[in-house]
Amino acid sequence: MSTISPPQPAPVRHTPLKLTVSRSRADRVYRRVTWVAAVSTFIILVLIGVFLYLRARPAFEHMGYWGFLTTQVWNLSGPHPTFGVGSALVGSIILAVIALIIAVPVSICTALFINEYAPRKLFGFLPLKGLLTSMVDLMAAIPSVIYGLWGFFVLQSSMKGLSRWLSDHMSFVPGFKVQTPVYTSSLLIAGTLVGIMIMPIITALCREVFSLTPNGEREGALSLGASRARVIRDVVFPFSKGGMIGAIMLGLGRALGEAIAVSIIISLTFSAPNHLLQPGGNSIPALIADRFGSGGKLGAAGLLAAGLVLFIMTLMVNLVAANIVARQAKKRA
Amino acid sequence: MTTLDSVPLETGENPAGDGSGIPPAPPRPRTLSYKPIRPRDFKPSDVGLLLAAAAAAFSIIWIVFDQLTLLSGEFGFVVCWAAVFLLLYWFVNFQLYGRHVAIDRFLGALVTFGALCMMTPLVLLVVYVFVKGWPLLSWNRFVQTQQGVGPLSPASKGGFAHAIVGTLEQVALAAIMGIPIALLTAVFLNEVGGKITGAIRVVVTAMSGTPAILAGVFIYSIWVLTVKEYSGFAASMALAILLLPTVTRGTEEVLRIVHNDLREASAALGAPEWRTVWSVVLPTARSGLVTSILLGIAVSIGETAPLIMTVFGAQVMNANPFRNPQAALPLVVYQEIKLPQASAVALGYTASLVLFILVFTIFVLARILGSNWLQGVARGRSKSDGNDASDIEEDLMSTVLAPAMSMDRGDDRP
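Sequences listed follow chains W and X, in order.
For the first sequence, the numbering used here begins at 1 and goes up steadily by one.
For the second sequence, the numbering used here begins at 1 and goes up steadily by one.
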């Protein structure tokens, strides 16, 4: 440190040069129009919530919010109508859990098969990989009413044996106890059908996630002598954990919202479901599809209130899932 | 892992680092003392192993399942067979090749079984719809309506001409309303961007999972309760809401694949942003756009849940989508198959067959167009063979450069 301080240079303000982008009028209009379109998607979502709430208010005023959520019966006749989504809410969740138990292992296996195991050309001519991908997409495009038709006439009868076996040998599991040996129209069958219906979406998303595994890591593991099983366990799964959870949650959202197929299979009962193998069960979307047009003004408001509950439930699940998927995509990019 | 663990390797002598100054002898190539077994290798004897394990598992299950425990049902049989087969297959491979190969083969078999499990319902469903619907299909179905069809009518009476008209009108209106918004949203997400891009993308993904029935309930609460009338238009609004996120996501993915070079070239030539999108990005992605739009339409044709509370269904022809209840193909299936009458169930089966064929045709059309487009992109990417890459460049020349060049020529004229 010298005693004479060097002359201080005059402080210079470093202000970055402002870049102004001047867009033509047409470009500004173009940007504004696309912006409006993008925001309108958001507005539709908000409007759904707002209008369902406005139209459902009479039902909430009649039953109270907590009362509507917990009341199990749906009784609109008589001087004192009582109704609520208590049983439907529980039924929806049970259905979704059964559907996930069936769909998740099969979907992950299929996604792995398409991505890791399927030869590009089977026997030299059959494009197995492309064919399977197309079939999965086709499964997603098949109307739910056709699934319902098939489930009602085919799946139902072919699952009788399984239901009987479960009730005979596994009756210690809660829900598997059967009073009268009738095994149709049950939550298990509806849940299985919904599971089949959500398989394609989970498979497609998982496949996408698996295919994003960085090739360098994959090849590194292979060159160290890892088998395909080890590559899947130590490279593919760790990289796609988040994406898989997102895919499963999007499948859960679909399972919670499936109306037509469930309402074809199940016979609605309004009590807390205590059995999975016997006829009877309930779910919010099936309730709406089944009871629509009955019960007058209050009934309609009640169904809209049920719709609002379903909307909030699926929106939360889907938003969390979409967030996970988006974050995963960003991490890759 | 399998081979390198304990295999002695004949390494070349490498006396580097001893400081003697003698140049090291060129290393001999490494050779393994025996041929490695790679898990991927699948020799004819392995095929035999696979078949033998399958046959053995089948025999065991047949004895245990059918003869000893007197169980029944194809479903349980197949599941038990698969489980025993997987165990046997793992064990045999473990004995012959060791742990790593066994685990790999086991996982391969398990994953293949999972894929089969997934494809089985699809095949069964398609076969079922055809077997049940085909014999009952006749020309009458396409020209008649359900007018005057009572509970005692024969199964061959009645048709769904009114439902086909209704479905086509509703889906067309939905496409007219939904697709422009979807395309603009996708353009915003991919080309314009802004602070809200991430949020909109999340909202679109979440909306694509919104239950179909909620779209119907929403339109019911906002439109049907207001104008106090069911109509095809109400249904098409509900379908548009369902179509919107599907097409947006598909389109965005397609736009993302378009080369940035093309955008930059267009911008460098002085084209305004809207011109770049309109004349370069969208035309390049043309057939991909068609694919995503068609897939969206294919899905929305089959939606049933929103129709219940918007079109309500009808027995007679109503060609006006803006007034009075209409019929729709999925709704006919839904309403008829639960009825006990033979005529109703027959109508439901044939309607479901027609619905399936409709969806399948659109789906296949979308795939064919999409695959052509994908090949085009692949060709465009490989810049090495300039012959094909010039395709897109030519496109660019004719769309963007043409006005500019003609202007030049005009200036040069003396």
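For the record, the hints were derived by calculation from the structure and aren't laboratory data.
Keep in mind that the hints are not guaranteed to be accurate.
Derived pair list, reagent style SDA-like, types lysine to any residue, alpha-carbon separation capped at 25 Å [unchecked claim]:
(1) W/Lys177 / W/Val33
(2) W/Lys177 / W/Val73
(3) X/Lys132 / X/Phe113
(4) W/Lys330 / W/Phe172
(5) W/Lys160 / X/Ser287
(6) W/Lys129 / X/Pro340
(7) W/Lys129 / X/Phe42
(8) W/Lys129 / W/Asn215
(9) W/Lys121 / X/Leu51
(10) W/Lys177 / X/Gly194
(11) W/Lys121 / X/Ile368
These numbers come from a predicted model, not from an experiment.
Each hint, compared with the structure:
Taking the CA atoms of W/Lys177 and W/Val33, the gap is near 60 Å; set against the 25 Å cutoff, the hint is violated. The straight-line distance between the Cα atoms of W/Lys177 and W/Val73 is roughly 23 Å, inside the 25 Å bound, and the hint therefore holds. Straight-line distance between C-alpha atoms of X/Lys132 and X/Phe113 comes to about 28 Å, which puts the hinted pair past the 25 Å bound. Of the supplied pair hints, the one linking W/Lys330 and W/Phe172 is violated, its CA atoms being roughly 47 Å apart against a limit of 25 Å.
About 47 Å separates the Cα atoms of W/Lys160 and X/Ser287, which puts this hinted pair outside 25 Å; it is violated. Taken as a hint, the W/Lys129 and X/Pro340 pair is broken in the structure, with Cα atoms around 43 Å apart against an allowance of 25 Å. With a C-alpha separation of about 19 Å, the suggested pair W/Lys129 and X/Phe42 falls inside the 25 Å cut-off, and the hint holds. Our distance criterion of 25 Å between C-alpha atoms is met by W/Lys129 and W/Asn215, whose separation comes to about 18 Å.
Taking the CA atoms of W/Lys121 and X/Leu51, the gap is about 22 Å. The hint holds against a cut of 25 Å. Only pairs whose Cα atoms come within 25 Å are accepted, and W/Lys177 paired with X/Gly194 is rejected, the gap being roughly 57 Å. With a C-alpha separation of about 19 Å, the suggested pairing of W/Lys121 with X/Ile368 holds against the 25 Å cut-off.
In the structure shown, a violation is registered for the earlier hints numbered 1, 3, 4, 5, 6, 10, in ascending order.
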